[in-house]
Amino acid sequence: MKLKIEAAGQLTSGIRKFTLAPVDGAVLPRAGAGSHVVLEIPGPNRVWKNAYSITSAADALAYEIMVRRVEKSRGGSAWLHEHAKVGDVLEVYPPQNLFAPQRKAKRHLLLSAGIGITPFLSYLKLPGLAYEMHHCCKPEDETAFRTLLPSGPEATLHTSRNTLNLEALLKRQKLDTHLSVCGPESFMDVVLATAAHVGWPAAKVHKESFGGATGGEPFVAHLKRSGVKVNVGREESLLDAMEAAGLTPPCLCRGGACGECKLTVLDGVPAHHDHYLSETERAANNAIMICVSRAKTPELVLDF
Amino acid sequence: MKLSLKPQETFRDDYTFSNSDEAILRFPFPFPEDSYMYSVNMEPHVRGGASPVYNAMFDIDEHYVGDMADRAITLDQDPLRCQVLPHMETAEWDTLELLMENLANDYPEHFSLTKNDDEWHWINRPLDIDQKFTFGREETLPFGPFEYITRQVQGDFSLQDQRDNNLYMDGGMVTSQADWSLNFDVGMSFHEWHGPVPLAHESGVFDRALQYLLRMQCGKPVRRLNWTMTANPRLDTSPENYPLWGPEKAAITPENVGHRMCLRVELQTLYRLPRSNAILFSIRGYLIRLEELAKVKKWAVRMHRVIRDLHPRIAEYKGLPRYRQYVVDYFAPHDDGRVLNAGIGPEQDGI
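Residue numbers (my numbering), protein chains in the order written: chain A, 1 to 304; chain B, 1 to 351.
Quick caveat, the hints were computed from the structure, so don't treat them as lab data.
Any given hint could turn out to be false.
[Said to hold, decoys possible] No farther apart than 20 Å at their CA atoms in a straight line, the calculated lysine to aspartate or glutamate pairs in the EDC-like style are these:
#  : chain 1 : residue 1 : chain 2 : residue 2
1  : A       : Lys174    : B       : Asp164
2  : A       : Lys104    : B       : Glu101
3  : B       : Lys297    : B       : Asp309
4  : A       : Lys125    : B       : Asp117
5  : A       : Lys104    : B       : Glu192
6  : A       : Lys104    : B       : Glu89
7  : A       : Lys106    : B       : Glu89
8  : B       : Lys115    : A       : Asp24
9  : A       : Lys125    : A       : Glu91
10 : A       : Lys125    : B       : Glu347
11 : A       : Lys17     : A       : Glu132
12 : A       : Lys138    : A       : Glu185
13 : B       : Lys220    : A       : Glu167
14 : A       : Lys204    : A       : Glu260
15 : B       : Lys298    : B       : Glu347
16 : A       : Lys104    : B       : Asp164
17 : A       : Lys204    : B       : Asp185
18 : B       : Lys220    : A       : Glu91
19 : B       : Lys298    : B       : Glu248
20 : B       : Lys132    : B       : Glu101
21 : A       : Lys125    : B       : Asp185
22 : A       : Lys262    : B       : Asp14
23 : A       : Lys106    : B       : Asp164
24 : B       : Lys318    : B       : Asp336
[Stated by the list, open to error] Here are the simulated distance ranges between beta carbons:
#  : chain 1 : residue 1 : chain 2 : residue 2 : range
25 : B       : Leu80     : A       : Ala203    : 43 to 49 Å
26 : B       : Pro198    : A       : Asn162    : 36 to 42 Å
27 : A       : Pro153    : B       : Leu80     : 40 to 46 Å
Ideal placement from N, C-alpha and C gives every residue a C-beta, glycine not left out.
Make a model of the complete structure from these sequences and hints.
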């Protein structure tokens with residue numbers, strides 16, 4: 001669907017927020033808490049597809065998103081920061097949800113860092129949600145993030161991860177609490193490791209993965225059934241490179257979480273960066289999630 | 001969509017239910033081939049396709065009025081046929097919106113929905129219902145939102161919550177089931193509620209089906225057909241009421257099998273719900289007496305072959321052994337050994 005940028009503004013030096021509304025005033029598909037949209041972003045030579053959490057979808061008349069400028073930008077976030085302006089029209093795919101709140105939980109513990117706040121902004125709009133939230137940000141961004149959070153005692157802002165005593169926090173939660181975490185990999189790793197350490201069962205914990213699609217060494221993907229060899233550059237994903245070559249591989253979340261884009265590896269060794277494959281599947285090296293994973297060998301032969 | 005509804009007909013006691021010629025020809029015959037085995041036979045639920053019952057998002061047919069009256073009787077006798085766990089409230093409203101919008105869109109001569117922000121106006125002409133209510137405010141409806149709307153739509157429904165990488169049956173409206181109990185299954189995980197199904201677990205069908213469903217997207221519903229057989233056109237073949245319908249099964253004879261025995265087909269459709277991220281499962285049942293089915297040559301021939309060659313454990317699970325041979329014998333004279341085309345269509349224009 002075509003959505004126009006109705007409003008745009010800087011939240012922090014590195015985060016820009018956008019309001020996307022239908023060109024013709026139509027009603028948008030409903031977006032539940034935790035949903036994201038995928039935007040098609042025009043680049044100089046190609047189109048980028050990036051997923052962003054919907055922070056608010058009031059009355060289904062507009063979606064609000066926030067975009068962090070990725071340091072080694074793959075292209076999409078750089079364009080949204082430097083070129084996107086009010087009135088621009090973008091192709092947007094209907095919302096999907098890979099991070100819905102656990103509705104059986106009596107209480108929610110929400111932990112986020114940086115841009116990881118975005119899915120929780122939609123959680124906070126759920127009526128009657130019982131929660132405790134801790135958000136970590138850089139000291140210079142404190143004022144900006146303060147405006148996004150409720151002023152009550154349930155939400156705490158930390159300008160250093162050191163002020164967040166994770167172990168104590170996780171130990172004192174009641175049994176009917178569900179932990180949701182979103183932020184950079186390093187942050188989520190620490191939270192999940194601490195939760196496991198103090199005895200949280202895996203079923204009481206879930207995480208959102210985003211921004212994991214980092215670049216790496218270039219390699220060649222040989223798509224055997226298509227009879228095509230695709231060069232995957234340093235700053236693009238295998239999925240992006242295949243799409244740029246005119247192929248349409250299956251995909252959904254574009255963040256290594258949903259499992260939709262799994263392809264069979266016929267030769268070569270994948271470098272797994274996803275959150276979907278099990279340890280056994282990773283070790284077998286015969287499957288790859290093409291949206292985030294890359295290659296340890298100069299060439300990968302894939303069944304596509 | 002042009003649709004004429006029959007006046008009241010019954011699905012119990014005197015069983016006045018019957019299919020018109022048009023209803024016979026649009027019956028979703030479930031066997032595309034001469035043999036049957038379980039598979040992950042799911043496909044996108046888009047309008048159109050191999051059967052006319054795919055032409056609407058939720059199919060309404062000539063039996064609508066009697067069907068809904070039978071549901072009301074069953075609910076009156078056993079209110080536990082409709083249950084929704086408290087954390088599914090958002091999914092209830094999702095369901096109400098999905099059903100009302102699609103019925104009004106597909107059958108504007110029978111249903112209409114007008115929205116003014118959260119003030120909604122629903123009209124159901126065949127059941128003579130005119131309801132103004134506030135979306136999201138349960139107290140403005142005579143029942144909970146899920147029960148309210150599923151009392152007005154043919155087929156059983158269940159609501160699945162998605163959590164812990166699994167699906168849980170955390171609600172439903174089940175009054176026309178093939179011998180399973182919502183009251184027993186409510187709260188179960190995907191593999192638990194499929195526990196009694198033979199053969200399919202071992203072949204990994206349920207593992208693959210669950211992975212597929214967990215990734216189902218909003219706006220992209222999927223469907224499959226399932227089937228069983230029922231003695232008499234009875235909707236409520238529940239475990240709770242086995243004492244009522246068990247004896248009817250036992251009363252099937254070679255002489256009455258054509259009239260009393262019915263093929264029961266379920267059009268199963270699944271929808272990801274937008275606000276709750278839950279999955280709505282619709283089990284839309286169709287009944288056809290074997291003597292009605294026999295009016296379509298291709299189906300009569302294929303029924304003979306499928307039932308004759310059915311795996312014994314599937315036959316047992318579907319409750320067929322007692323009268324399976326009668327069914328085979330009933331259709332045998334129709335099977336002249338001809339080669340049948342693949343596909344489920346009747347391949348004839350009239351009866």
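Outcome of the hint check:
no.	hint	result
1	A:Lys174 / B:Asp164	holds, 19 Å
2	A:Lys104 / B:Glu101	violated, 28 Å
3	B:Lys297 / B:Asp309	holds, 19 Å
4	A:Lys125 / B:Asp117	holds, 18 Å
5	A:Lys104 / B:Glu192	holds, 19 Å
6	A:Lys104 / B:Glu89	holds, 11 Å
7	A:Lys106 / B:Glu89	holds, 15 Å
8	B:Lys115 / A:Asp24	holds, 19 Å
9	A:Lys125 / A:Glu91	violated, 26 Å
10	A:Lys125 / B:Glu347	violated, 54 Å
11	A:Lys17 / A:Glu132	violated, 25 Å
12	A:Lys138 / A:Glu185	holds, 16 Å
13	B:Lys220 / A:Glu167	violated, 42 Å
14	A:Lys204 / A:Glu260	violated, 24 Å
15	B:Lys298 / B:Glu347	holds, 7 Å
16	A:Lys104 / B:Asp164	holds, 11 Å
17	A:Lys204 / B:Asp185	violated, 23 Å
18	B:Lys220 / A:Glu91	holds, 19 Å
19	B:Lys298 / B:Glu248	violated, 29 Å
20	B:Lys132 / B:Glu101	holds, 15 Å
21	A:Lys125 / B:Asp185	violated, 32 Å
22	A:Lys262 / B:Asp14	violated, 55 Å
23	A:Lys106 / B:Asp164	holds, 16 Å
24	B:Lys318 / B:Asp336	violated, 27 Å
25	B:Leu80 / A:Ala203: 43 to 49 Å	violated, 28 Å
26	B:Pro198 / A:Asn162: 36 to 42 Å	violated, 58 Å
27	A:Pro153 / B:Leu80: 40 to 46 Å	holds, 42 Å
In the structure shown, a violation is registered for the earlier hints numbered 2, 9, 10, 11, 13, 14, 17, 19, 21, 22, 24, 25, 26, in ascending order.
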